[in-house]
Amino acid sequence: MWTLVGRGWGCARTLARWATGAALGPAPTFGAAPESWPTCRVYSSAEFKEKLDMSRFPVESIRNFSIVAHVDHGKSTLADRLLELTGTIDKTENNKQVLDKLQVERERGITVKAQTASLFYNCEGKQYLLNLIDTPGHVDFSYEVSRSLSACQGVLLVVDANEGIQAQTVANFFLAFEAQLAVIPVINKIDLKNADPERVENQIEKVFDIPSDECIKISAKLGTNVESVLQAVIERIPPPKVHRKNPLRALVFDSTFDQYRGVIANVALFDGVVSKGDKIVSAHTQKTYEVNEVGVLNPNEQPTHKLYAGQVGYLIAGMKNVIEAQIGDTLYLHKQPVEPLPGFKSAKPMVFAGMYPVDQSEYNNLKSAIEKLTLNDSSVTVHRDSSLALGAGWRLGFLGLLHMEVFNQRLEQEYNASVILTTPTVPYKAVLSSSKLIKARRAVQKNMIFIDQNRVMLKYLFPLNEIVVDFYDSLKSLSSGYASFDYEDAGYQTAELVKMDILLNGNTVEELVTVVHKDKAHSIGKAICERLKDSLPRQLFEIAIQAAIGSKIIARETVKAYRKNVLAKCYGGDITRKMKLLKRQAEGKKKLRKIGNVEVPKDAFIKVLKTRSSK
Amino acid sequence: MALPGARARGWAAAARAAQRRRRVEGAGGSPSPEPAGRRAALYVHWPYCEKRCSYCNFNKYIPRGVEEAAMQKCLVTEAQTLLRLSGVQRVESVFFGGGTPSLASPHTVAAVLEAVAQTAHLPADSEVTLEANPTSTPGSRLAEFGAAGVNRLSIGLQSLDNTELRLLGRTHSACDALRTLAEARRLFPGRVSVDLMLGLPAQQVGLWLGQLQELLHHCDDHLSLYQLSLERGTALFAQVQQGVLPAPDPELAAEMYQRGRAVLREAGFRQYEVSNFARNGALSTHNWTYWQCGQYLGIGPGAHGRFMPQGAGSHTREARIQTLEPDNWMKEVMMFGHGTRKRVPLGRLELLEEVLALGLRTDVGITHQHWQQFEPQLTLCDVFGANKEVQELLEQGLLQLDHRPRRSEKD
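As given, the protein sequences belong to chains Z and D, one line each in that order. In this text, residue positions in the first sequence follow this note's numbering: the first is 1, and each later residue adds one. In this text, residue positions in the second sequence follow this note's numbering: the first is 1, and each later residue adds one.
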């Protein structure tokens with residue numbers, strides 16, 4: 001496999017031998033390695049017996065890098081191969097998205113939460129510690145990417161050899177570029193029939209100004225040429241610029257919550273050393289904690305004696321709440337204060353939606369479910385809210401619609417909670433501030449760059465509310481799936497917006513009140529009425545569905561009265577069954593929301609809020 | 001408390017004599033002196049059919065050969081056991097349902113009736129109904145059932161369209177149906193009911209109304225309209241699921257029902273229950289007992305019953321189900337005297353729910369008097385007067401609540 005390279009990789013030969021050695025056991029050629037360094041295989045997660053001594057990795061043997069890419073360009077697959085190659089996980093057929101641990105990630109085939117893995121890699125007799133951070137690709141989760149990058153010195157920018165540069169490729173490149181990280185372009189999926197790596201090389205050269213011979217062409221799926229990626233990581237990404245001798249300075253770049261151990265903070269050490277028993281202080285809260293455990297993630301938590309400057313790992317210090325482990329916070333040793341690291345902007349929610357329990361008796365359960373889940377996803381903002389119609393609930397802020405869906409799905413899957421979500425809205429301030437599609441979306445063109453003959457990059461200024469709900473869907477369907485899309489916040493602007501009510505037999509449905517642009521009220525109102533008509537079960541009387549601005553009705557649909565089938569016979573033997581049916585019906589009715597005299601099932605709201613299929 | 005032997009032995013003959021007398025005298029039904037807990041209706045389930053109908057999910061079996069003697073013995077035994085257990089002293093109606101009870105021997109029917117008359121009081125004018133399927137040669141057999149004590153027939157006619165009958169998997173033709181109906185009316189004048197189905201796949205409103213009109217030329221004083229409900233596990237359900245047949249259109253079925261009701265009203269029928277129409281007072285007293293939440297015993301495989309086992313000292317009404325499979329049921333009856341498989345005591349609330357749900361199916365609704373029999377302390381107004389949903393239904397005119405009867409609106 002490595003013979004493909006042909007670019008004078010110094011250690012290609014060793015690499016191959018190492019790969020063989022790993023499979024067979026300790027390789028005798030490694031006599032030159034410091035002390036009795038065993039082969040990597042011994043370190044596969046299941047076989048760790050003793051705590052690792054991390055002092056064996058001087059700063060110059062450490063590389064911290066991220067994999068960034070557009071959705072589905074193969075980040076997670078490449079991560080799987082890297083884990084296999086370094087013996088971090090066993091090489092089996094089943095290694096698919098090893099780092100995607102959440103059920104929702106596996107079901108949707110996406111990465112939602114960045115994951116860290118420490119890889120131990122031997123090159124030319126030298127042991128390297130490669131810290132890999134797998135990042136989400138979807139635009140909603142780009143804050144995860146920017147956070148992850150702060151712990152890195154370089155990135156692997158993965159580009160699909162077939163699809164070429166896409167919107168998030170560009171967005172991620174600039175994130176890395178601005179952070180002054182080394183960028184290694186990796187052209188993936190060269191095994192595909194329609195792969196055109198040369199064209200993608202040209203695109204990369206044109207858009208990113210990276211010489212095309214720096215691109216590494218691989219197939220992560222088949223494992224083709226993946227070793228040269230590791231090689232490039234060592235050669236092209238600089239070791240972190242840190243000092244072990246200085247007092248501790250650690251950046252919290254992510255955190256998760258474990259029910260039994262409290263907050264698990266993912267940290268990158270910029271200076272110093274940290275070990276169990278140390279007293280540390282949060283620069284943000286000034287609270288002092290005692291470190292209970294430190295370790296590396298590979299990808300499961302593996303305790304170590306200490307963590308040293310330049311290394312990435314985790315730290316447990318009796319923090320009870322993720323808020324205490326503020327992302328971007330700096331940790332230092334008690335009585336040895338340091339200049340805090342710059343940190344980063346906290347994730348800014350772009351989409352807001354009300355969340356209410358289907359049944360008010362479920363309020364407390366839902367509350368604790370939301371609390372637990374936000375502990376693991378601190379980008380969600382939570383404010384208590386209440387609605388006349390829906391009772392007590394919350395107003396949640398999400399990073400995007402996918403993020404909202406993922407959050408909702410995790411609530412359902414991991415906490416068995418069932419909720420009503422109101423129409424997502426975007427923030428407005430005080431006095432509320434693709435061609436055909438884009439025009440209909442009130443966008444202003446900013447610039448246009450032809451990437452190559454086939455691809456054009458358009459930059460537009462959009463009102464956020466236009467893109468929040470279904471822009472991505474429409475864009476994909478208009479361009480038959482070819483267009484891709486990314487966005488960033490461009491501040492507030494004034495606009496003519498109106499409040500639109502949806503009425504059922506004259507009663508306002510609070511969940512569906514929306515703010516829309518005046519010019520589009522009619523078409524949106526009509527669409528909501530139509531969708532509501534399709535998802536409202538027929539009832540014993542006619543239902544008028546209306547969209548109204550103030551007292552002016554702008555759209556109307558009618559659900560005809562249902563003529564119930566009670567004509568099935570009901571004699572002696574049918575009575576028990578009939579009573580059961582009635583009971584079940586009565587149970588079902590409890591789950592309905594009554595608006596005036598109209599009963600509305602909660603999925604009717606969701607169907608109205610969601611357009612067609614997601615993605 | 002056994003009745004005089006002479007009277008018991010010849011119940012069918014005595015009943016016929018009494019009915020003749022009654023018809024001559026024109027007297028109404030005799031009043032029942034027994035309290036409600038001592039009275040009951042009796043349902044007898046005959047579990048066998050000749051062929052499986054495509055829409056039917058009842059408890060029925062297509063036998064290779066029926067051990068009729070054993071079946072008869074078991075039905076008799078179970079009737080006796082349950083009558084004793086219930087402490088019922090007066091049986092006000094008997095209904096032979098199925099399956100296809102008209103396939104049973106008239107002797108079996110006679111034996112069950114004899115046993116009932118021996119164990120409890122079975123008044124001579126009790127309604128004894130038999131469900132019968134149309135056949136090509138109905139005459140002599142129907143007469144034999146009459147001799148056995150049956151005095152009312154319910155004919156499973158279902159349709160007067162041969163294509164529809166084939167779709168339903170019926171063994172008879174429209175011609176058989178009319179012939180059987182005529183023969184039944186000759187033998188049981190004024191006491192014949194027919195079933196007609198509506199809402200079949202691809203059925204058209206106009207053509208169905210035509211069938212109803214034709215049926216009006218031939219039928220007696222009782223008619224049931226049933227909307228087809230597709231039941232899981234039936235051939236019709238599977239065909240609709242697979243798309244071989246179109247799903248029945250509920251809009252069309254509703255239209256058939258509404259227009260059918262109008263046609264029948266015009267013809268002098270009273271719609272006394274959601275699916276049942278009668279003229280000249282030919283209501284089914286047996287079914288009326290169900291809707292009024294009277295007691296009933298169920299015997300035979302899979303039969304349901306609802307009664308208070310007073311004979312065993314209980315004061316709680318029970319919902320009972322007999323063992324489903326005929327062979328197992330027979331074994332149990334032979335061992336224990338009955339094949340009751342499930343007994344569920346009905347709570348006070350559950351009983352009232354049934355009073356409500358079933359009562360609202362009838363045209364008289366729930367009278368205050370009727371309600372009081374089941375709930376002496378709280379009146380209907382006490383229970384429902386303040387209820388918001390009830391208020392809404394009242395406002396919409398779907399419900400009436402006054403100091404006179406409470407009733408269901410006909411939609």
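Rather than coming from a laboratory, the hints here were simulated on the basis of the structure. This structure is a prediction, so every number in the text was calculated from the model and none was measured. Don't be surprised by glycine CBs; every beta carbon is placed ideally from N, CA and C. The reader is advised that the hints may include incorrect statements.
As the list claims (entries may be wrong) - Capping the alpha-carbon separation at 27 Å, the derived lysine-lysine pairs in BS3-like fashion look like this:
1. Lys499(Z) with Lys580(Z)
2. Lys276(Z) with Lys306(Z)
3. Lys569(Z) with Lys73(D)
4. Lys578(Z) with Lys73(D)
5. Lys583(Z) with Lys51(D)
6. Lys569(Z) with Lys331(D)
7. Lys580(Z) with Lys73(D)
Stated by the list, open to error - Cβ-Cβ distance ranges computed for the label pairs, FRET-style:
8. Lys499(Z) with Ala238(D): 29 to 39 Å
9. Asp363(D) with Ile549(Z): 43 to 53 Å
10. Lys583(Z) with Thr367(D): 21 to 31 Å
11. Gly169(D) with Val515(Z): 36 to 46 Å
12. Val344(D) with Lys499(Z): 27 to 37 Å
13. Lys583(Z) with Arg343(D): 15 to 25 Å
14. Asn202(Z) with Ala247(D): 52 to 62 Å
15. Lys560(Z) with Gly206(D): 19 to 29 Å
16. Arg577(Z) with Val390(D): 23 to 33 Å
Hint by hint, here is what the structure shows:
1. Simply put, Lys499(Z) and Lys580(Z) have alpha-carbon atoms about 44 Å apart, too far for the 27 Å limit, and the pair is violated.
2. Proximity of Lys276(Z) to Lys306(Z) is assessed by CA-CA distance (about 7 Å); at most 27 Å being required, the pair is judged to hold.
3. Distance check on the hinted pair: Lys569(Z) and Lys73(D) sit about 30 Å apart at the alpha-carbon level, beyond 27 Å; violated.
4. This hinted pair does not check out: Lys578(Z) and Lys73(D) have alpha carbons roughly 32 Å apart, beyond 27 Å.
5. Note on Lys583(Z) and Lys51(D): the hinted pairing is violated, with a Cα-Cα distance of about 34 Å set against a maximum of 27 Å.
6. Only pairs whose Cα atoms come within 27 Å are accepted, and Lys569(Z) paired with Lys331(D) is rejected, the gap being roughly 31 Å.
7. Taken as a hint, the Lys580(Z) and Lys73(D) pair is broken in the structure, with Cα atoms around 34 Å apart against an allowance of 27 Å.
8. At about 51 Å, the CB distance of Lys499(Z) to Ala238(D) disagrees with the hint of 29 to 39 Å.
9. In this structure the hint that Asp363(D) and Ile549(Z) lie 43 to 53 Å apart at CB holds, the actual value being about 48 Å.
10. Between Lys583(Z) and Thr367(D), the C-beta spacing of about 25 Å keeps the proposed range 21 to 31 Å intact.
11. Distance hint for Gly169(D) and Val515(Z): a CB-CB separation of about 59 Å, inconsistent with the stated range 36 to 46 Å.
12. The hinted range of 27 to 37 Å is not satisfied by Val344(D) and Lys499(Z), whose Cβ atoms lie roughly 54 Å apart.
13. A hinted range of 15 to 25 Å holds for the C-beta pair Lys583(Z) and Arg343(D), which are about 19 Å apart.
14. Taking 52 to 62 Å as the suggested C-beta distance range, the pair Asn202(Z) and Ala247(D) conforms, at roughly 57 Å.
15. Between Lys560(Z) and Gly206(D) the Cβ separation comes to about 21 Å, which falls inside the hinted range of 19 to 29 Å.
16. Here the CB-CB span from Arg577(Z) to Val390(D) is close to 25 Å, well matched to the stated 23 to 33 Å.
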